[in-house]
Every structure is written in structure tokens, then in C-alpha cells.
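Visitor: So the chains spell out like this:
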Amino acid sequence: MAVAAGKAARVVSRLRGGGSALPGLVVERLDPRFLTHALADLPRGVVVITGTNGKTTTTKMLVAILREHGLTVFSNPTGSNFTRGVISSMVAEISLSGRLEADLAVLELDEAHALKFAAEVKPTHALLLNVARDQLDRFAEIDHTARLLAELAEQTTVGVILNLDDSFVSRIAGRVRDGVRVTYFGVDPSIADRLPELQEADVRFEDDFTPPAPSADDGLLKPHDERSFEVRFGRTDRVGPMVLKQRGLAAMINATAATSTARVLLGNEFRVAAAVAALERVEPPFGRGEVIDADGQPLELVLVKNPAGFTVALSTYGSTPVTTMVAINDNYADGRDVSWLYDVSFESLRGRGAALTSGVRAYDMALRLQYDDVAVAQVEPDLDVALERFLTEYKDEPKRIFCTYTAMMTLRRNLAGRFGLANFGEEARP
Amino acid sequence: MSSQPSYSHTSNGTSNSKGQIKVVHIYPREMSIYGDLGNTRCLASRLRWHGYEPLVHQHHPGNEFPADAHLVLGGGGQDSGQARVQDDLAHNAEVLRALAADGTPMLMICGMYQLFGNAFITIEGERLPGIGILDVTTQGNAKRMIGPVVLQTAFGDVVGYENHSGSTELGQGQRPFGTVRSGMGNNGTDRTEGAVTGNVFGSYLHGPVLPANPSLADALIRLAVERALGEPFVPGEIDDEIADEARTRQVRRLVG
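Chains as they are written, first to last, in the numbering used here: chain A, 1 to 430; chain B, 1001 to 1256.
Bear in mind the hints are in silico, worked out from the structure with no lab data behind them.
Don't take each hint at face value.
Said to hold, decoys possible - A few chain A residues that face chain B, going by a derived Cβ cut-off under 7 Å, partial list only:
(1) S315
(2) D343
(3) E347
(4) A366
(5) L367
No experiment lies behind these values; they were computed from the predicted model shown.
Glycine included, C-beta positions come from ideal geometry on N, C-alpha and C.
Turn these sequences into a full structure, and let the hints steer you where they fit.
Guide: See the structure below:
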């Protein structure tokens, strides 16, 4: 009954062009134990991926590796990473008996919802990526976020995979149940000096926790150059060299996390060639370095939502000079407080300046750039007007837009109309 | 054995500056969440734009506090950050109280505002003493006060963003920093926000508060310059059009 109702709701919400969470809401009302029923019997378990940055990319990567190994994987690909979003995704794939035809589930959940989910379904595995400040008005404090991750680890029944280099995450090793296996991913000591790019030193204190020395089951990222890298396990095992479609150190670390987790899940079945092939084919998720052909010139959309992420994005993309626009909204999904912009250094934009700032907080962004001596040519709060000017006045130049979530939704919709792009949430499944 | 606190030059050799101003940011590691270091960046830049030479010093727990500071700034932190600075703050309370009594301008945001008060009383009823420069007392709350704020102050409209679980009451006769036009303020009930005693300003406003409210920033600079150089502040030409637009747009959005 609940499944049929949810399927009906899904058709209705599709017709209305509506959000991805509505059918989930319907099923959850009808049968609150729905998740438990459908997921409990999956033969290879339920993997939850959470942390502040990189959830969507890492989930895509892990799912790709597992499918390349021939497994049927249920995931929540619609970008709706709350519990109801998971149910919504399931409704589409489930038989009317309520059984999910899959070997395992790999689910991306944000920190707070991961715990709510675990109250219904105990994950067999949890991959905990990192802790950074993000949308502070939702989670309030980084310490609180770290506690949420630790509580999720306590709920996990078979294995947890932890970020070795993030002390907020690696110290969770002491919190898992007896018998639960702990594995790590991290960076090779040769690039440890680049960790500050990925973490926020200002809210991290020296403490007496020393992460354990990595074992042969722990994956370490070893880049060869800006694009090529491998993941090292112990002295001899190597996954790579490989080159991702998505650029940047953060994507390489996500690939390291996905590879380490796939090895845990697959054990002896893990094949290096399959993992490399899968990772090299993964398209950047929406808003993570998507490149649009705008009248013959590349236009990159880069989602920014917290200081660590924005700093990484600037260092990733800063080396190739392009014309830049920054669009900042302050709706709930963006984070209503824009103070965090002052924890990002914009000096890399100083050379060429910014063509435009836009969004509800366009003037606050321009003010922020002023304090980093970055020239701003125009300030235009209206996103559609700003985009029009950006596209026409810089027609023959490669372009990049750094934007918060709801600004990206508006810009992406406009660009989809102009250049005939697929809509968000309708990416082809592999 | 402790070495003399050192200030770092934030510009490369300004021989024709109108004078050196020593700016101290207290506990930048532990108490500068939500961009409060932006206040220090703002003051350093504006001092330079006005023709003065800012010398910025970061004070960390365990180090000697620079008693020759002309301007002291502090920000908000998490509970763990507050716990880490408690001892050092108690150790330096006398120095800070003497500087405050002597007219040194200070801006303390959120967590440091609370610690500059009489006490913070946790939800569990534990009383954590402050250093009592501002006559305010803060009671821990289960509910957080979060959102954009507009204040009416002696410096005109001031905009910012509050995010605190502490509810602060002013002591008898304690002057607030501003009156709430939109938002919660000290406690969500009496429409007061922050506190001012002499030249010491306490407020919950992040944003950070100074960049979008340059008249407040320049008021602090004026006080620091007069104190440091014993002569009147001679402002330079600064174009604040962007800051004024950012602020007035927030005021329009929030109070119409």
C-alpha cells in the first residue's frame, strides 16, 4: 500500500515539476518502518557517506567502482540527501512487495540526517569524510558536527572508514563498537604540507591525539602532478596512476576515500583495473566543476558553501586565469550568515579582478573583495541580469562562476534554457 | 623569560605614515569563528587607507599580553574555544581592566563579549566568571538566537548577524551598544544589543560587523589614534560606497 501511494505521489510531483522529497514524505507518513523493511535485507549491507565536504562526489565515485565490479547498487542520486530523499529514490526502484532489488545501498546523508537515518536502519559501513564549518545556522558548531559523526560511527555494525588527517574524524576510531573494523584514507606524507588547503587551521587546536600509522589496508593519496595520481596501500599495492575528469586535490582525496571504502566492501573481489576505469569515467557532479559550452567558450560553475570549500576551489582553479563572477545568496540552503566569506582568502583573484558580483549579497561580496584588494568591475544583485552581462560583455573569454547553492540553481536554470542543458536531478544513471 | 610581544607590519615600509597604531587580536585561533578576524583585517586596511601604519599582534594563550596595545579586538568561539582561553584571560584580567579604564578602545564580539561581562551561567547552572569590564551577565539557553540583525546605534544603523545561545542581561545603568530594529539582541526581550563602557564595546554581531559599518570602524580608529599619538585623528579619503550600499540594502530588507 505505502509503495503504491509513494509511486503515485512520485508521478504527481514529476508532473508538477516539483521537488524530489515529496513521494518520500508520503511513504514515510504511511509506513514509518519503510526504510528498515526495504534496506534491512540487502545482502551486502548499507553504506552511509557523510561529512561536510565531498559527499556527493565521493558517493558517485564509490557507486561507480562497485557497479564496475558487477554489483547492483542502490543510491540516492537526485541530490536530495535527506532521509525522505532516500525514500523517494527507493520508491522508483522498488517492487510492490517492498523489496529493493540491489546488492547493497550507498547513501549520501548530511550529518544530522545520517543520525536520524541510523535510528531507523543501522548502517553496516560508514565513510566519514571530514568536518568543516558549513551552514553554521543549521549545525551551530563544528564540535557538534564532530559529535554527530562519532554517534553515527557508534551505530555502525561492520566497518568504518575514517579520514586519517582530520583529527575530528580520525579520533572517532576510539568510539566504534567492539569488533567493528576501522580503516583509514588520507594523504601520503610527501604532500602533508597541502593539508591546510583542505582544512581550517583556525578552529583546530593542537591536541594530544596522534593518528595511528597507516596500515596496508589504508589508502594514501600520492599525486604525480596536477592531474595524475595514485592511491597507495602499504608498500606494494597501487591503484593508479589515473586522471579524473574533475580537477583538484579535493577530488583526488574523494577518490582515495572511495577506493579505500571499495576495498573494504569488496575484499578479495576488488580489482585495480576496474576501480581505475570507473573513477576515470565519473563526471563531476552538478556544481562541482561542471563546464558548459557558452557560445564556444567554457563556462565553469563552481558551488561554494563554506570557507574550506571556497578556499580549495580558488586554489584548484586559480592557476588557469579566466574571467570570474561570484554570486552569493543568503537563503537557508546557502547558509544565511555570510560572515564566512571573511575566512576565505581571495588574493588569487587580485591579478585579473572580478568581472561581476551578484546575488542577494552582491554588495557584501564586492565589499569582501575590496578588503583583499581585488577589483570588482560591476555589482549586479539580479542574477539573470548579471549573467546576461557576463555572457555578452566577456563573450570571447573563458569564464567561471563561483556561486552559493540557490544562486547556482537560478543560474543553472537560466543556462539550461540558453544552451539546452539537462536539468538538475536528471543526470543519466550509468 | 617571556619575550616581548611582537607586532607584524601589514604593509611594506610606509615611511611617510601619520604614525604607528598597535592593534591586538586576542585569541585568534580559539575565538574567531564566523569571520571575526575580518574585523582586524578591516581595521588594518582602513588605518592604512587613512594614512596610518597598523601593527597587528595576535595574542595566544600563555603568551605575555602586550600592555602597549592601542586597540584590542576579540571574537566569538565555540564552548571548547572559550574553555581554552579561560585561564589566560583570568591571568591577563588586570592588564585588560587597566587598559580599559585608561580609555583603550576595544571591540569584543559574541563569546568574548560574554567573557568581558560578569559571568556566564551554563544551562547546568555552573557559574563561569568573566573579567567584569562590562556589567552584563549571560545565562546559557537551550535555544539559539540566530539571524540577521539591524541596530540603531550612536553610529547610525548597524547591520550584522547574531548566532548565540547565551541570553545577556545588562546590569543597572549599563549602557547597551544599540537598540534592536530587527533581530533578537542581548536576550530577545528588552530590545537592547551589546554593551558599551567607556571605549569598550561588546556586541553579538558577526558579519563581520566592521566592514559593512565603517562609521563604527572609524570611531574605533579615531579613539586608537588619539590614544596612540596624542593628537587628533586626520582621516584620509575612503570611498565607502560599496559598504554603504551593502548596509542600506540589509536595512531595507529587514526593516523596510
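Visitor: If any of the earlier hints don't hold here, list their numbers in rising order.
Guide: The structure breaks hints 1 and 3; every other hint is satisfied.
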